[in-house]
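K.L.:
Here are the chains, one letter per residue:
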Amino acid sequence: MNSRTLLILAGVAILAVAPVFVYPMLIVKLLCFALFASAFNLMLGYTGLLSFGHAMFFGIAGYVLGLGMKHLGWPPEVGLLAGMAGAALLGLIAGAIAIRREGIYFAMITLAISQLIYFIAMQVEWTGRDDGLHGIPRGHLFGIIDLSNDFALYGLVAVCFVLALAGIRRIVTSPFGQVLTAIRENEPRAISLGYDVERYKVMAFVLSAALSGLAGGLKALALSYESLNDLHWSLSGEVVMMCILGGLGTLSGPVVGAFFVIVLQNFLADKVGEWLSVIIGLVFLFCILAMRKGFVGEFTDRLSSLRKKQRAAS
Amino acid sequence: MAGVILSLNDVNGWYGESHVLHGVNLEVARGEVVSLIGRNGAGRTTILRAIMGLLERRNGRIEIKGRDMSAVAAHKLAMAGLGYCPEERGIFSTLSCEENLLLPPVTRRDSGMRVSLSEIYEMFPNLAERAKSPGTRLSGGEQQMLAIARILRTGADILLLDEISEGLAPVIVQTLARVIRELKSRGFTIVMVEQNFRFAAPLADRFLVIEHGRVVDVVQQSELAHRMDEIHRFLGV
Amino acid sequence: MTEIFGVPAQVLYGQLLLGLVNGSFYALLSLGLSVIFGLLNIVNFAHGTMYMLGAFLAYALLMPLGLGYWWAFILVPLVAGGIGIIIERTILHRIYGLDNIYGLLVTFGLTMVIEGLVRVYFGVSGLRYPVPASLSGMLDLGFMRLPVYRVWVIVAALGLCLVTWLVIERTRLGATLRAGTENPKLVQAFGVNVPLLVTLVFGWGVGLAALAGVLAAPLMQLTPQIGHSIIITVFGVVVIGGMGSILGSILSGLTLGVLEGVAKVYYPEASSTVIFVVMILVLLVRPHGLFGKQ
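Protein chains in written order, with my numbering: chain A, 30 to 343; chain B, 3 to 239; chain C, 17 to 310.
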């Protein structure tokens, strides 16, 4: 049994017992954002495309789930799947529009599309506009499990999180994932090798959107409401930050980054008030300028150079 | 060598990870015309770029007029009297012909080599005609004239010319040869990279043979006649 | 009372004026953003923040120091420009060789820091900056009455745009800038201190944004959010006009401001989305913007 499997088992174990020690709703929030960041990482870390509009997938799924469960009486599993489908559809449309452009233009188109969605949502009545959508029921999972029990909900979120992360890992290590990495590292070469690069990018975008939608749906379910904040570009910016802080192109990086930002926001907010964004901004700047691999990236680098030294010494 | 105006001492150069110059040693005397000859990819253009501080990474010693310029910032090299005509000519498309001409600042007012704008328009009447045209709308030959004219205006006395005859009609090439001879008679020091050996042969005082990023041989103008075959074979002509 | 497409003329003209005012700000801000992008290859996310900072600096000059509008007009751009120079020298300097994206991310980080600092020192509730006495009152044109200050804003903004355009297109400094945008290494080989030029241009761009903030200060409630809302619109304008194109920025900015104004009259729900729809359409058809190069 190698160290990676050990770490994964340890992680799952911690997840299993954590709600006994820590307020489960806090961990739920952490997990949702960690999932969101991991989904986003598929685009930025693995395919090398910066989307500045990912909040639209997160928010749209939340609204779809919320409206479906509140007004149409959907059970939570249908709500989640519908949310994911909605986000994936939006991803397909946005991807089709944006994918032809590169780098900065891609980022800007995704920003523009997400702003469009934001402003539409702000006008439309059934989103509740500024007030948001309240009173989303927790429902009964599969008709049996009562999710109004916080621990049950936690269980659902934890399981989704683990499955989704495992899914991302599968995607990344699969031949499909390897093509994505090839596109990120040397797109012209990937094209010359005969890959329909645009199709791969759109597929990655749709997958990323769907998983972001899963995160958004889970969060709406957990907090029982959805608001315009979840469609705002500042959330898109936050998720970019989480990935960069944690480390792009690693599986645990976005999770670490998300944890860092959410914990900071929750625990420092009372004590430092408005200084919060100054602090986070400064840490972010520091990361980009000095630690471009993010926490996890730098950590694994140090670790492997330490190991090299040990091996050389022995 | 007396009156050395430019010297390179053990200069190595890299493009990223690629080691392209392997210890270049050369000296150029004031008023000399030196031609760097060699096969494609030998490193001739790279040597000029190294002198102009355009290489990503370079070490070794570069002296201009007796001063060590190895560590000097790129924009200060022009101040030492260097004028550079890059291989791509580097005419700016967003500037008119006259704006292109006036772009490089006058760096050596006192060198006595400065060619005034009116003199330039006398030497190159085409440029006067096309003064307001966008730079890249000029013909290849006119663009080359422009590239040379603009560095003459700055007062540079050491000219680094990269493939100036490339892609030009024979008539224009002849005009260029006349220009080079004129400049030489005025005392300019010229280092030229020329693929067209027939163009360079009558103009240069010395030929530095470049291979694998270093100077492997020196041929004087006087030796040219009886070494011509050897050179042609070497260049693969 | 005349009606145009079912709307009273007065109302339409009023909105058109507002549209022109907004358009002037879009033009001014996208101009700076465009020039910075052209020369530094950085999309300055912090541009909106500098606009907001300009407004707050004007307030800060007025409240404790009693220095009025005209003082602000001169001092604020200088201070902001100085801040811009420091930012360029210490932070932006380090990311030049890297991908475009880093510029966007770094300036995004700067936005968080600067906005946070403004929130710390000025609080989150809105502050009011008075219209200067010399520019208050109304202008009576017969068929409509215009607030003097708004006319001033349009005149000043367009004047600044014109001066900028003249400098860039008609002077040697402008030629050096344009050449530096095309091939900075070659321009450096000619003896121009390009790094210094870059620093000064960034300082200028930021100073211009701050000046726009001063112009805007009497027109709205000053909150740290005002940078946020405008930067996304300005991005849209710059992309539509073409990144790096001066003329594109100015024309697109004005046009979009007016379009927004007209939309508010006839189809209010669309007014905030108009720009994004136009942006997506333009990008699909002309990927480098209407006036973009390459």
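These are calculated hints, taken from the structure and not from any lab test. Every residue gets a Cβ at the ideal spot worked out from N, C-alpha and C, and that includes glycine. Certain hints may be false.
[To be verified] Pairs of lysine to any residue residues, derived as SDA-like cross-links and limited to a Cα-Cα distance of at most 25 Å, are as follows:
| hint | chain 1 | residue 1 | chain 2 | residue 2 |
| --- | --- | --- | --- | --- |
| 1 | A | Lys99 | A | Gly161 |
| 2 | C | Lys280 | A | Glu154 |
| 3 | B | Lys134 | C | Trp181 |
| 4 | A | Lys300 | C | Lys280 |
| 5 | A | Lys99 | A | Asn258 |
| 6 | C | Lys201 | B | Thr177 |
[Unchecked claim] Computed footprint of chain C on chain B; a stretch qualifies when at least three of its residues, placed anywhere within it, have a C-beta under 8 Å from a C-beta of chain C:
| hint | stretch |
| --- | --- |
| 7 | 52-63 |
| 8 | 89-100 |
[Claimed, not checked] Derived, one-sided and incomplete: chain B residues facing chain C with beta-carbon distance under 8 Å:
| hint | residue |
| --- | --- |
| 9 | Ala73 |
| 10 | Val74 |
| 11 | His77 |
| 12 | Ala80 |
| 13 | Tyr86 |
| 14 | Leu105 |
| 15 | Pro106 |
| 16 | Pro107 |
| 17 | Thr109 |
| 18 | Met115 |
K.L.:
Decide if the proposed pair is consistent with the structure: Lys99/A and Gly161/A, CA atoms, cutoff 25 Å inclusive.
P.N.:
holds (13 Å)
K.L.:
Are Lys99/A and Asn258/A close enough, with their CA atoms no more than 25 Å apart?
P.N.:
It holds: about 20 Å lies between the C-alpha atoms, which stays within 25 Å.
K.L.:
Given as covered by chain C, does the stretch 52-63 of chain B meet the bar of three residues or more with CB within less than 8 Å?
P.N.:
Our answer is that it holds, as 3 residues pass the Cβ test (under 8 Å) against chain C, meeting three.
K.L.:
Measuring from the C-beta of Tyr86/B to each C-beta in chain C, is the shortest one below 8 Å?
P.N.:
holds (5 Å)
K.L.:
For the hint on Pro106/B, just tell me whether its beta-carbon gets within less than 8 Å of chain C.
P.N.:
holds (4 Å)
K.L.:
Interface hint check: Ala80/B, Cβ to nearest Cβ on chain C, cutoff 8 Å. Holds or violated?
P.N.:
Since chain C brings a Cβ to about 3 Å from Ala80/B, closer than 8 Å, the hint holds.
K.L.:
Take the shortest C-beta to C-beta distance between Ala73/B and chain C; is it under 8 Å?
P.N.:
violated (16 Å)
K.L.:
Do the alpha carbons of Lys280/C and Glu154/A lie within 25 Å of each other, as the hint requires?
P.N.:
Within the cut-off at roughly 19 Å; holds.
K.L.:
Given a cut of 8 Å on the nearest C-beta pair, is the interface hint for Val74/B held or broken against chain C?
P.N.:
With a minimum Cβ separation of about 12 Å from chain C (threshold 8 Å), the hint on Val74/B is violated.
K.L.:
Do the alpha carbons of Lys300/A and Lys280/C lie within 25 Å of each other, as the hint requires?
P.N.:
violated (43 Å)
K.L.:
Are Pro107/B and chain C close enough, Cβ to Cβ, to be under 8 Å, as the hint says?
P.N.:
holds (5 Å)
K.L.:
Does the alpha-carbon distance linking Lys134/B and Trp181/C stay inside the 25 Å limit?
P.N.:
holds (18 Å)
Going through the hint list in order, the structure does not satisfy hints 4, 6, 9, 10, 18.
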